[in-house]
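A.B. asks: Now for the letters of each chain:
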Amino acid sequence: MHHDQTERAVERLLETEMHLLDQQDFDTWQRLLSDDYTYWIPMSREQRSPLHESSLVYEDRFLTTLRINRLANARNFSQQPKSRCLHIAQRPRITVEEPSHSAVASSNLLYCEARGDHEWHYPATVEHRLIHIDGEWKIQGKKILLLNPDRALESLQLII
Amino acid sequence: MDNYFNGREVHKSLFLDQQLFEQEQQRVFAASWCYLGHDSLIPETGDYFTATLAAQPLAMVRQKNGDIVVLHNRCPHKGVKVLAEARGNVGRFMRCPYHAWTFKTDGELLSIPVKKEYDNCDLSSCSAHKGMQAVAAMRNYRGFVFVRLSETGIGFDEFFGESLSTLDNMVMRSPQGQLRVIGQPLLHKHRCNWKMVVDNQTDTCHPMIAHESSAGEAIRLWKETGDQSQPAPMAVELFSPFMASYEFFAGMGIRVWPNGHGHTGVSNSIHKAYTGIPGYWELMVESYGEEQARTILDDTRHNTVYFPNLMVKGPIQTLRVIRPVSAKETIVESWIFELQGAPVQLLERTVQYNNLINSPCSMVAHDDVEMYERAMEGLHSDANEWVNVSRLFEPGESYNRTRVVSGTSELAMRNFYDNWQNLMRDDHAPRSN
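Sequences listed follow chains A and B, in order.
Taking the numbering used here, the leading residue of the first sequence gets 1, the next gets one more, and so forth.
Taking the numbering used here, the leading residue of the second sequence gets 1, the next gets one more, and so forth.
Careful, some of the hints might be misleading.
Across the chosen pairs, the derived CB separations fall in these ranges [claimed, not checked]:
{"id": "1", "chain 1": "A", "residue 1": "154", "chain 2": "B", "residue 2": "84", "range": "35 to 41 Å"}
{"id": "2", "chain 1": "A", "residue 1": "84", "chain 2": "B", "residue 2": "395", "range": "48 to 54 Å"}
{"id": "3", "chain 1": "B", "residue 1": "65", "chain 2": "A", "residue 2": "84", "range": "56 to 62 Å"}
{"id": "4", "chain 1": "B", "residue 1": "23", "chain 2": "A", "residue 2": "147", "range": "48 to 54 Å"}
Everything labelled a hint here was simulated from the structure, so no lab data went into it.
We put the CB at the ideal spot given by N, CA and C, even for glycine.
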């Protein structure tokens, strides 16, 4: 695949992803993920390991599916009323690694979540790890570097 | 009004009233032994760790001789906080960035630029002469540093008594008898009163109800999609016990101790059935012998509440500091520990537990917080001024003794509120039981 074409395909994927998350169309969104997908929000920008230190989130497909199923559960008390979210992103910087059919995209983002009378805003840098499998780009991993992961946060319920 | 707790109910003002909150900071927090931090946060000479306790900015500093000193983090000159970071090293001495007053690592005033200009002021009769003052009382108990802010009050050993057995057990789960703090604590802000969070720690009748959407869903999802010939993922193992029955929780028992402390999980607990970690048992036997190793590992206490605001989970090596910010705001800090000399898989389980249960992104915590925050709204109702804590109340119940009762009793809450009320009434006077 041509380099420019790859970049455009990755950009389109990220755009689609944000749209689906904001629409809370999680079934379609999950089809964008590879089976070995991981989602990581470290506790500090320097954190090296998700396994040996606490993280705000470190989850695999199973846990992500669980998180999504919970949102649809009749007894999801913290989602009554429901939360909404909005991803406002800058154009990603994309590095393509042709030999491994993979790419890394880094985007600055303002993630907003709202529920009832409350609204929260989280500036962050999102690092997407992308992989080309069977003719399609999939999201293999997301690492979210919050601008200030040190501060005490209120409940953050949806997916950045 | 001074009858906030009538044996079976607590008054709603305990959760809503800001004036009561300020009194509570003085009478309850300053008079109690409160946990400040673990000494593994400051291993080297000059290392410091800062925290706020009952609105007091404090710092614990490692001295040259290995001791720890806890100081009020305030320059005696103009009041500037001398140590600004959460953690750091002071070097050979501490220096205020405003006018370069310097202090020894134990807080003693070392020098003032152009000090002769104070020659005629009789500085020794000013408060500033005292330097950065140490807290009234501190104790490093097996690495856990506790302080009492008020000059008078109950002694450490009397305050905790047998309840220290939970900390002993967590320490001894390390084959080397040493714990080490790992990383930063998760910080989750709740719009609720801190006592609601404390209350929740020994509330065994809520998990299967409030956490059905997460824990129940985890069990269902694994059943439907998992390969049943394989062991369940760690997350399922950690979540599943939340859905245990009332009978299970009743059977695990609750123990209360004098001065408001108590724990769930006397003879069994939700932390009992975790999969063994290869090699750990052998290391424990090597250190303690088979009999003692078994005693240590069979004691799987669930939540131990140390009055007023510390909760310890020995078997999974986590603790929560429930920090009051105002009557209506609380920050829960969740710390994790490594058992020195134990296989790294134990730390991995602890990390995963902390992420899954204690993070602001935790699907379990979301439902707890929702309950607290709805209670903060619901309690504004004038229809009923009381919060009920009477489950398994026994007429004529008394609190200042060690007792074991059914695990679904709310005795640990009553024991907590009784001590809270005694302290609110007696204005710093030392208590005897």
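A.B. asks: Return holds or violated for the Cβ distance of residue 65 (chain B) and residue 84 (chain A) against the range 56 to 62 Å.
C.D. replies: holds, 57 Å
A.B. asks: Just tell me: holds or violated, for the beta carbon distance of residue 154 (chain A) and residue 84 (chain B) against 35 to 41 Å?
C.D. replies: violated, 25 Å
A.B. asks: Is the hinted range of 48 to 54 Å satisfied by the C-beta distance from residue 84 (chain A) to residue 395 (chain B)?
C.D. replies: Given about 51 Å between the Cβ atoms, the range holds.
A.B. asks: Starting from the hint 48 to 54 Å, judge whether the C-beta atoms of residue 23 (chain B) and residue 147 (chain A) obey it.
C.D. replies: 38 Å Cβ-Cβ, so the 48 to 54 Å window is violated.
Hint check: violations occur at hints 1, 4; the rest are consistent with the structure.
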